[in-house]
Structure formats: structure tokens, C-alpha cells
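S.K.: So the chains spell out like this:
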Amino acid sequence: MLVEILISLCLVISGIFGLVGSVGLIKLPDAMMRLHAPTKATTLGVGGALIASMLYFYFVVGRFSFHELMITLFLFLTAPITGHFIAKTHLHLGHKPEDLPPTGSERPWANYESDESRAAIETPESAVNEAARKSG
Amino acid sequence: MIGVALTFSIACFGLGLLLNIYRIVNAPTVGDRILALDTMVINAIALLALFGILEGTAVYFEASMIIAMTGFISTVSYTRYLLRGDIIE
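Chains A and B are the protein sequences, given in the same order.
So the first sequence is numbered by numbering that gives the first Met the number 0: it starts at 0 and just counts up by one.
So the second sequence is numbered by numbering that gives the first Met the number 0: it starts at 0 and just counts up by one.
Calculated from the structure, these hints are not laboratory results.
We treat Cβ as the ideally placed atom computed from N, Cα and C, and that holds for glycine.
Check before you lean on any hint, since a few could be wrong.
Only part of the chain A face toward chain B is listed, based on derived beta-carbon distances under 7 Å [claimed, not checked]:
1. S7
2. L10
3. S21
4. A30
5. A40
6. V45
7. S52
8. H66
9. I70
10. I85
11. K87
12. H89
13. T122
Where chain A lies over chain B, by a calculated footprint (3+ residues, C-beta under 8 Å) [said to hold, decoys possible]:
14. 10-23
15. 29-41
16. 63-73
Build the full structure now, drawing on both the sequences and the hints.
M.R.: Encoded structure:
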């Protein structure tokens, strides 16, 4: 009985948060705000459904399955990466470079930095080699 | 009780999928369209997990794992294409 209540609670929470994620995608006014809403569906929505499934298969059916943990782990690993890329796309397509706030360093925002200048800053070996070649 | 909660949850995720389709059809920017596709993949994974509970089999977890991987790769390729003009450089 207690397990049934727990499983039902997980299912209801997952349903509510999945719906909240999709409604937020429609309702929120700004592109960066809309990026925030579906993360709720990813973590609590799918997470709740998979926890409910694990509990159900262990306590009701009587066999332990760890596939759910793999899916949860995969989603938790990939959700920040996709969020980062979509935010970069919003930044790149929706804002001009002069509208963006200053970065606080000499380098520009990452999506407006050219490949050459990034390579010059981020690979110190080449800089060291060039200095050695010039002096020698 | 589990049956009622399961029906409620499946209805919520189905409604979420419909809202995502609406967002894909009229999206203000391209980034929103990609975000809606990504959310659609998430909702499909949750629906498959819930359908696995309904049917009582663990077959659907392999399917949802593959959908998760495909969704991740497709989202990254879309955004890479928009950011760099090329997917694999």
C-alpha cells in the first residue's frame, strides 16, 4: 500500500512537471526564459517517471531493472550540453555583437571569436615555438 | 491507484507533446524550434517509460535509450550547423 502511494506520487509529480515544461515553452515571453522551462521536464518529469518505473518493477513485478538508471544518467549528462548549445544559438542569431554586454576580458564572446585568435590564445605551445624560432 | 496515476501522467505528457507540436509550427526564432524538438524527444522518452509500466515489460527501455541518443545527436548537429555552418569540421 505504501509502495503504491509512493509510485503514484512519483507518477503524478512527473506528469505535472512534464506538462509545466511544455507550457513554459509556450507561455514564457523571452527566448532565454523559454530555455529554462524544459529543463524541469528533463530532470523531474523524466526522472520521476523512471523512478516510478524502477519502484514498480522491483516491488510489484518483482525484478530489478537498471535500464532506468542508465537513461537518467545519459539525460543528466546530455541536458546541460544541449542547453549550452541552444543558448549559444540564441545568442548568435538573436543579438548583434555590439548589443552584448562586455565580457570583462580582452577576448570577445565565444561565438564571435575567430578561429585564428582563439588558437593564438589557447595553444601556448605554438606561441612558445614561435618565440623560440624568432630568437634562434 | 497506480492505474489512475499512470493515466494522468500519460495524459500530461501527451498534452505536452501537442503543445510542442504547436511551438514547432509557429516558433518565433529558429532556436525555439530546436528547443521544442529537444523537449519533444524528452516527452517521448517519458511516454515510453510510462508505456513500459503500463505493459509490464522492459523492452521499451532500449527504445527510449536509442531515442535519447538520437535526440542528443540531432540537437547538437542542428545547433552546430547554425553556429558554425558545418557539423563536422
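S.K.: Could you run down the list of hints and mark each one as holding or not?
M.R.: Here's how the hints hold up against the structure:
The closest approach between the C-beta of A/S7 and any C-beta of chain B is roughly 4 Å, which is under the 7 Å cut-off, so the hint is satisfied. Of the supplied interface hints, the one on A/L10 holds, with its beta-carbon coming within about 4 Å of a beta-carbon of chain B, less than 7 Å. The closest approach between the C-beta of A/S21 and any C-beta of chain B is roughly 3 Å, which is under the 7 Å cut-off, so the hint is satisfied. Of the supplied interface hints, the one on A/A30 holds, with its beta-carbon coming within about 6 Å of a beta-carbon of chain B, less than 7 Å.
Interface restraint check: A/A40 against chain B, minimum CB-CB distance 5 Å, threshold 7 Å, status holds. A hinted interface residue such as A/V45 counts as satisfied when its beta carbon comes closer than 7 Å to some beta carbon of chain B; here the least separation is about 5 Å, so the hint holds. Interface hint status for A/S52: upheld, as the beta-carbon distance to the closest one in chain B is roughly 5 Å, under 7 Å. For A/H66, the interface hint holds, since its Cβ comes within 7 Å of a Cβ in chain B; the closest pair sits about 4 Å apart.
Here the hint on A/I70 is kept, as its CB sits about 6 Å from the closest CB of chain B, short of 7 Å. Contact between A/I85 and chain B, as hinted, is supported at the beta carbon level, the nearest pair being about 5 Å apart and thus within 7 Å. For A/K87, the interface hint holds, since its Cβ comes within 7 Å of a Cβ in chain B; the closest pair sits about 6 Å apart. Evaluation of the A/H89 hint against chain B yields a held restraint, the C-beta minimum of about 4 Å falling below 7 Å.
Look at A/T122: its Cβ only gets to about 16 Å from chain B, farther than 7 Å, so that hint breaks. Look at the region 10-23 of chain B against chain A: 10 of its residues bring a Cβ nearer than 8 Å to a Cβ of that chain, three or more, so the hint holds. Residues of the region 29-41 of chain B with a Cβ under 8 Å from some Cβ of chain A number 9, which satisfies the need for three, so the listed coverage holds. Here's how the region 63-73 of chain B fares: 5 of its residues keep a CB closer than 8 Å to some CB of chain A, so the rule of at least three is met and the hint holds.
Against the hints set out earlier in the document, a violation occurs for number 13 only.
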